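J.: Protein chains in written order, with numbering that gives the first Met the number 0: chain A, 0 to 104; chain B, 0 to 104.
It is worth saying that the hints were derived from the structure and are not from the lab. Being a predicted model, the structure only gives us computed values, none of them experimental. Take the hints with a grain of salt, since some may be wrong.
Said to hold, decoys possible - Stretches of chain A that chain B covers, calculated by requiring three or more beta carbons in the stretch to come under 8 Å of a beta carbon on chain B:
| # | region |
| --- | --- |
| 1 | 9-19 |
| 2 | 24-35 |
| 3 | 85-93 |
| 4 | 96-104 |
As the list claims (entries may be wrong) - Selected chain B positions facing chain A (Cβ under 10 Å, derived; list incomplete):
| # | residue |
| --- | --- |
| 5 | Tyr10 |
| 6 | Ser16 |
| 7 | Glu51 |
| 8 | Ile52 |
| 9 | Val56 |
| 10 | Tyr100 |
Glycine residues also receive a C-beta, built at the ideal position from the N, C-alpha and C atoms.
As a plain string of letters, each chain reads:
There are 2 protein chains.
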Amino acid sequence: MIAQTPKTPYYAVIFTSIRTENDNDYSEMAEKMLGLARKQEGYLGVESASDEIGITVSYWSDLDSIKKWKMNTEHSLAREKGRSTWYKAFKTRIALVEHDYGFEK
Amino acid sequence: MIAQTPKTPYYAVIFTSIRTENDNDYSEMAEKMLGLARKQEGYLGVESASDEIGITVSYWSDLDSIKKWKMNTEHSLAREKGRSTWYKAFKTRIALVEHDYGFEK
Chain A
0 MIAQTPKTPY YAVIFTSIRT ENDNDYSEMA EKMLGLARKQ EGYLGVESAS
50 DEIGITVSYW SDLDSIKKWK MNTEHSLARE KGRSTWYKAF KTRIALVEHD
100 YGFEK
Chain B
0 MIAQTPKTPY YAVIFTSIRT ENDNDYSEMA EKMLGLARKQ EGYLGVESAS
50 DEIGITVSYW SDLDSIKKWK MNTEHSLARE KGRSTWYKAF KTRIALVEHD
100 YGFEK
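Produce the entire structure from the sequences given, and follow the hints as far as they go.
T.: Here it is, written out as structure tokens:
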């Protein structure tokens, strides 16, 4: 559940969102998009949590893979529906992970 | 609740964690650390969500501010207690936000 990412550097896409009241198959679409993302070149992993806001961080080997995933047709349609239906607000941040460290019991 | 960050570039610290069963004043400490972080030089904002995992992303103007906050005495003590008591596992990632965009209804 904590993404097993390779040695730095790699990229993170931090997607923070506030949902509308509309459900409208949101979970099905979210699941489907995660499944699709996993198959993309350069995909490294994902972490997601939500309560009052949702935060999904996906990890990628390079910017080019992020751009390709953004242009994926099904993903583009899902994003459109996100703007029209599911999200009240969101912010997407593309970030280069320069350094990381972890801890496990 | 979505952090109002300035123009890129700026830094993100992505902290992903899995909690133990021990509560032990966790919420009080988390609140206190957020309050303290807010007062640090270079602090830009924070976003946090948790369900099965917790994700807290804090935003900073530069690496130096992140280092100073890491060395803060109260923060260091809290991190020690995190390792000994509250967290089963965590991962911290320091990332340079190169590009961002958002949407609001």
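J.: Against this structure, judge whether each hint is valid.
T.: Evaluated hints:
Counting residues of the region 9-19 of chain A whose CB lies closer than 8 Å to any CB of chain B gives 6, which reaches the minimum of 3, so the coverage claim holds. Chain B is given as covering the region 24-35 of chain A, and this is violated because 0 residues of the stretch bring a CB closer than 8 Å to a CB of that chain, at least three being needed. Counting residues of the region 85-93 of chain A whose CB lies closer than 8 Å to any CB of chain B gives 8, which reaches the minimum of 3, so the coverage claim holds. Remark: the region 96-104 of chain A is confirmed as covered by chain B, as 9 of its residues place a Cβ nearer than 8 Å to a Cβ of that chain, reaching the required three.
At about 8 Å, the closest approach between the beta carbon of B:Tyr10 and any beta carbon in chain A falls short of 10 Å, and the interface hint on this residue holds. Given the 10 Å rule on beta carbons, the hint for B:Ser16 holds: about 8 Å separates it from the nearest Cβ of chain A. A cut of 10 Å between beta carbons decides the hint on B:Glu51: the least distance to chain A is about 6 Å, and the hint holds. Annotation: B:Ile52 was flagged as interfacial toward chain A, and the flag holds, the nearest CB pair being 5 Å apart, inside 10 Å.
Given the 10 Å rule on beta carbons, the hint for B:Val56 holds: about 6 Å separates it from the nearest Cβ of chain A. Evaluation of the B:Tyr100 hint against chain A yields a held restraint, the C-beta minimum of about 6 Å falling below 10 Å.
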